[in-house]
Every structure is written in structure tokens, then in C-alpha cells.
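So the chains spell out like this:
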Amino acid sequence: MTLFLKPRTIATAARILVIDDGITMRLFYRTVLEAAGFVVEEATNGLEGYEKVLARPFDLLIVDINMPKMDGLSMLRAIRRDGATMGVPAVTISTESKDSDTLKAYQAGANYYLVKPVTPETLVEVAHLMAGVPA
Amino acid sequence: MTTPLLVRFVSEARDLLQAAATCLLRLEKSPDDEAAINEVFRAVHTLKGSVGLFDFPAFTKLVHAGEDLLSAVRAGQLALSSELVDLLLDALDQVSAWVDSIDAIGALPDGADGVSRDITARLRTALPQDLEAGAAVVPLRAEILSSIEWLPAVPAAERLAALRAALSGADILALEYLPAEDCFFSGEDPAALFRQVPGLLALAMEPRRDWPAAEALDPYCCLLRFRALTTASRAEIEHLFRYVIEQVALTAVAPHLLAVAETGLSPAVASILDGQRVILELPAGDDLPSRLTSVARTVENVLHAAGQETTDWREAVRATETSGDTAPLLAVLARLLDARPEVKVDAAAKGLAAAEGSVLSSPDLRHASRVLKVDQAKIDSLMNLIGELVVSKNSLPFLARRAEEVYGSREMSREIKDLFAVVDRLAQEMQAAIMAVRMLPVSEVFERFPRLVRDIARKLGKRIDLVIEGEDTAADKTIVEMLGDPLLHIIRNALDHGIETPDEREAQGKPVEARVLLKAFQEGDQVVIEVSDDGRGIDPVKIRAAAVAKGVIDAERAAGLTDQDAVNLVFLPGFSTAGQVSDLSGRGVGMDVVVSTVEKANGSVSLSSVKGEGTTVRLSLPLSMAVTRVMMVEAGGGMLFGIPMDHIAETVRIPRDSIRHIKQSEAFVLRDTIVPLLRLDTLLGLERNVWFGDPTEEDAVLVVRIGNTLTGLVVDHFREGMDIILKPFDGILAGLPNYSGTALLGDGRVLLVLNLKELL
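Top to bottom, those sequences are chains A and B.
Take 1 as the starting number for the first sequence in the UniProt record's numbering and just add one per residue.
Take 1 as the starting number for the second sequence in the UniProt record's numbering and just add one per residue.
The hints are all genuine.
Here are the simulated lysine to any residue pairs, SDA-like style, with alpha carbons at most 20 angstroms apart: (1) A:K98 with B:E281; (2) A:K98 with B:R277; (3) A:K104 with B:V278; (4) B:K378 with B:S11.
I should point out that these hints are in silico values taken from the structure, not numbers from a laboratory.
A quick note: this is a predicted structure, and the numbers were derived from the prediction, not measured.
Can you make the complete structure from the sequences, with help from the hints?
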């Protein structure tokens, strides 16, 4: 039996999962990140995000904190407990800007913390850096 | 005559004047309300700025004087007394009148100059003398750092350009300018200043501290910090910034400073790396492996993306893998971050979020400010167009039927029907959307009452606290707009007749300050407005006497009325017109006007009163009057008429021989009640159907309710009910009282909608 293997694309675009319950925020992330050449998938809450992360690998997670069903920090803790997914870089983006909030996010497994509102430039720069794709 | 700019000015001026008046009243109550004084000041200040675009010197002078006065109040140099509020309100009234005049004739009325001089002089005399001399409030000198520690933050490209200029012999100046927070009020334009700076190499306009939340953001307060590199000479800069020189720091930049900063990491890279350092230093439990994995991957990604060497890092990761000790990782991070030790994780994160780009480019704020001011007429015409669309789409089913019956194409018919379903849905959504646009908060009308109540109360020598609740309740604009006059009547009545004088109140053991509650809320598809007071209430005995005296009802009937019914006598037209009722301890002025206005909008009025405790008037109005539901009936041999559903109590069929004849008129018995019977044909002067005397034949009778009376209306046939957009008659036809208007039917016919109140 012969298998026809598709040649792998050389430069695969980095895949980003955006987990945010706000439809406007998701659209903002998608528009900005797709324009910068990323492949963007969305999840509307932590549970959905967790399921998507388990289903296939991502290069970066952009995580809202306050969400229904499962909040962003609980989702990160779950993801970090799983051997296959525990290393994926994650940025939380939230309106809370206190140092204690940042530390809480780091403790839950975030690698970086941005405060809303985030400008498109910042978002793209951080995405490039954390997903390891030179701009 | 009127330009779009002038039109915009008139509408803005009205808003500003209203805002100023509202805040002044708030201030009078609580003189320490800093937000209120700032808002009044801002409103008047903005008005001054706008009117300056036009040639209305009288207007400008008056507003200017008002601004000076408010400025003194704001600075705490002048206490805001009731007299001062009166003075300012008078000035605002005058300005309002001028705005009306500008709106009507595009100019100020004759004699405006004299009026302006008078009021301006009065305002000026209220000013403390030293202020009048024009001593300006000197802004505090802003704190200026003369160091240039911000140099590394200048983008590499611009820093390189500066370096090139420096190496070719130019002197580079670093310029930091912290404008005073109130600089916009002293006519400064910091951004424009920088546009004039010669030889500008780099310019960063940044917030000097974190932007406040959008709702707390004060757009008139300058929070910016300007940092620039320029080849201009010190003298040039000092001349350019001569008026604000104390807010400017100038430092000569040595070329090596420009070069040194270049090898450092970008702020974002440094900030992310520092984040990883913080994460590694956190006390760890069993989550250490996952933490190490994600940090290892993140740092590697960041270094890779930033074009930095990753070998050191990889080695450190391998070392940590075998030893489980994070020290090698931290060492590498420390070495990388050493170039920029001042970067703190939270500061950098916040800086990234807030400082990059102006705040206006952030999506949240851009969204918040997107409010359109649209001429009402445009919305109205949009509404009419959608109304016509709703109607014309109704012709598609007719077309479908024709396609099948006349042209024999069932296929075509089905396609048309499918299309109809789509158009129908879209039309309905459009209609709902435009109705939402037309919804206004009742605060539009409520706003003027604090002022009114204050003025009347002062005139009557009464003390009244007006409490407004639910001013956010929204209703269609036609409803909100018609509310003004009835509410004015009701509130005036309450103040004039309902509320006792302070002495009387004290004698009765009531609080001296009376309370009037103006409350709006939504109840089902109705918006309810209640005006209640804690005054003396209505005395049914006196009302009965007055009604009899005015000949509204006879003494016998008056005696038979319950107290509640007696109180409701004030709604009768004859009750309030003649003689005036101010000697009466209740209400009555123009209550019939209130009722008729509210009923015109399909609303209702009710009143309840307890003697000695107060009165509540309640207006219930539909949320929207754009769509009317009517029942179609046939009369006059095939002519269609619409009857508003609100009036229809029921439909019955009665055998012709059970109709009673009383003298000339007819009546029938409906569940033990005798209901007068009228024939629509006769009422409209149409030809009557001939009856050949078959007693089993039945008449179709529509039982309608006007006020509290039932009437039977004989029609030829009942037809279906439908939603229509009622178009009132205009022109010469508007004089026809029997019809409230027309509506277009799906098949192109015109439906006449009856005005039953006039007809019966």
C-alpha cells in the first residue's frame, strides 16, 4: 500500500488560541493577529479553551481571566498539569492591573501579563516574541 | 443663512446650557460638589470656545463673564450663594434665548448688546475685586526631571538618526515638556508647539502616568508628557517655549549616550524576560516541572524572535533538567537583563499596554466615543421609509398567489414565498432597530424640572425637595416629547395646590421640606410616570362642592359619588376652565388638558389622593407609538376601515330582532348591560345595506370602549387585525377629525383609520 504524504509546508504559521468570552475582544485579537500572519483559533471560555488545547498543539495562548464556566487561571492550572500541554507559553490579558493580580496569574501558570486595553502594536509584538516567530 | 456649523453650534449650546443649569442646581444643594463645579465651568468654557467661531460679540462677552465668575468659584475664591445661582441662571436663560434666536433667524435679537452689558456688569460686580483686575491663577510648576534616563526608550531607528546627526557635528538636545494639567484652559496647544520645533529627530507623546479608566478619564486634563530629541539650538527652543519654559527641561546629549543604549533589549523583550525571572523566583510546589517547561519555551521563543543568541539559555535549561535547580536559568536571565536593570515587570507590562501609541487608538475608547448626533427629521424619514417597506413587502404574497393562479407556476410561487420570508424577517429587524434608535430616556424631559421646581418653590415661599427616580427609563421619542407639557401641569399643580406652606406643614407635624417624587419605570410594554407629593391631598368634599358650583354635575349625583370618584372629577373638562380653582385645596388646573394629551398618545392618567397625606398622579403610556395594531372592518358595502385595537372590547353578532329601539336610537343588551348601538355606515354618511326583514340575520357588532363607556358599532364584516404604520393626514385633510390617518395595505389599497373618540 502506498501512502501519499503531503510535503510539509516549510514555514508553518504560528498557531494562537485566543480564550476570551467577549466577542469584540475575540474579533479584535483575530483581526490583529491574522493580519500579522498568525493562525488564530478562538474559545469562548476556559473549558472550551482547555478542550481545544488538549485536542491540538498551539504556539501561544492568549487568555482572558474572568470568564464563565471556567476562568482563565483555572484553565491554565489544568493545562500546566498535563504533560503534553504544560509547556505552551501563555499570556493573560485582563483589566486588573495590580501587582498581586500579576503574581496570581504567574502562579497559575501564565508567562506574561498584559493589561487591557492592549494596543494592536503591543499585541503583535508580544505574540511574535512569545510564539518565537521573528517579526 | 444657517450653516451646518451654526446648526451644530445651536444643538451643542442647548446641551451645554442644560448641563450647566443642572449642575448649578446640584451645586446650590451641595456647594462642595467638585465634579459639579467642574462640569458647569467646562460647559460654559466650551460654550465660550464655540461661540467664538461666530460673530456674536454680545454672546461671547456674557459667556466670558460667566466663565470668570465660575472660575473664581472653582478656585474657592467665591462662595456660591443662592443669589449667585439666580444670577448665573438668569444669564443662562438669556443665553438660551439668544440660542433660540440664532436658531430662528441666524442672529442675535436687537438690543442684545445692551442686555449683554447689563448682565455682564452684574456678573462682574459679583467677582472679588482683585480677581476682576485679571489676576490669573498661576499653575503650579510641574515637577521636571532634568535627567535623560528615558533615552534608552527612544526607538532604535530614531536614536540612530540622532547619533548620525551628532556624529556629523550637530548638538543634540533632549527636551522634556510636562504641560500643566489645565493647560488647555489657558489656550496652550502642546502638540502644536512641537510641530514648530525645528530639527525634530524623535518625539514621544506619552501619558505621564497610567491612563485612568475610561469612565474616569478627564479629556480636558492634559496628562501627556512630551519627550523629544532635536538639533535645534537651546535659544531656539527657549524662545519657542517661552510661555511655558518652567515646564520644560533641556539637556544636552552626548553622542555616546545615543550609542550606548543601542545594544539593550527592547522594552517588550526585557519585560517578558523579567516576567520569567519573577515566575522562576516564585515559591514552587509540584507545579515546578510545568513552570520550568513553559518558562524554558517562552524564553527560547523570545530570544529567537528577538534575534538573540540562545545557546547559553539552552545550556542552562539542560543544567536545570539534571539538577532541578533554577539557579543557572536565573543567572542567564540576570545577565540578559543586566543591560536594563531598571525594568520592573509590572511597570513594563503596564507601560506596554498603556504607553505605546496614544490612548485614542485603543479599541475600547474608540468605541466609547462613537456617538452620532443625528437630526430627528432623518430618523423620522427613515422610520417612514421602513414603514413603507414593511407594507410593500406585504404585496409579495399577493404576487405569489398570482404566479400560481394566473400564470400557473407553482415553482415561481414558492420561490416568491421563500423570498418573502427573508424580506419579512429583514424588514422586521430593521423596524426593531430603528425603533431602538428612537428610544430616548425620560431624563430628556425630567431635566428641566429641578430648575422649574426650584423657581416655583422660591416664588411661593415653599420648601421642596424634588426627587427624581428612573430617569434612565426609555420610551419612543414621540412619547417622551409629549410628556413635557402634562408633567409640567401636574408638577405645577402639586407645588401650587398640593404642597402646604412651611408654617402649615410644621403645624401638622410634617417635615418642613416637602417632598415631590418624580418617578419613571417600565411596566410591561408601558412606561409609567408617577408624580407624588406629601402635601395636603385632595379633599373630596370640596371637590364635590366645586363641581356642583361649576355645574359639571348636579348635586344629587355628586352626593352619590365615592370619594375616589369625586377626586377624579378634576379630570372633567368643565371643572378647571372657568374661574380658576386656586381657592380650592386641591388640584384642577388644566387636568383635562393632561388627560387629553396623554390619551392622544394612547396613554391613561389616574390619580389617587389621601387627604392630609398627599397625592399621586400616574401616567401610563405605550413605549412606542410607531406601530399601531388595528382591526379591519368592512362597511358601506366593501369599504375597509381600521379601528385601533386598544379601543375594541369585543366582537359580537346579534340577531337583528333583538335590537331594541329607543326613540330614534338603537341599543342592545350585552350581559345585562344596555349598550347603545350605532351604525358605522350612518356615522360616516355611507349608504346603508338594505335589510329585507329576515329576523334570523345577524349584525356584526364591534363593542368599543371609549373612556369608560361601551358602544356597539355595527359593521358589515369583521376582517383580520394587522400592524400598521399610521400616517396622519396632512394638508387640508388634516381637518377631518373622524379619521386619525391612513395606512397602506399590502395590495396597494389605502386603509382609513378611524378616530373613534371624535366619531362617537
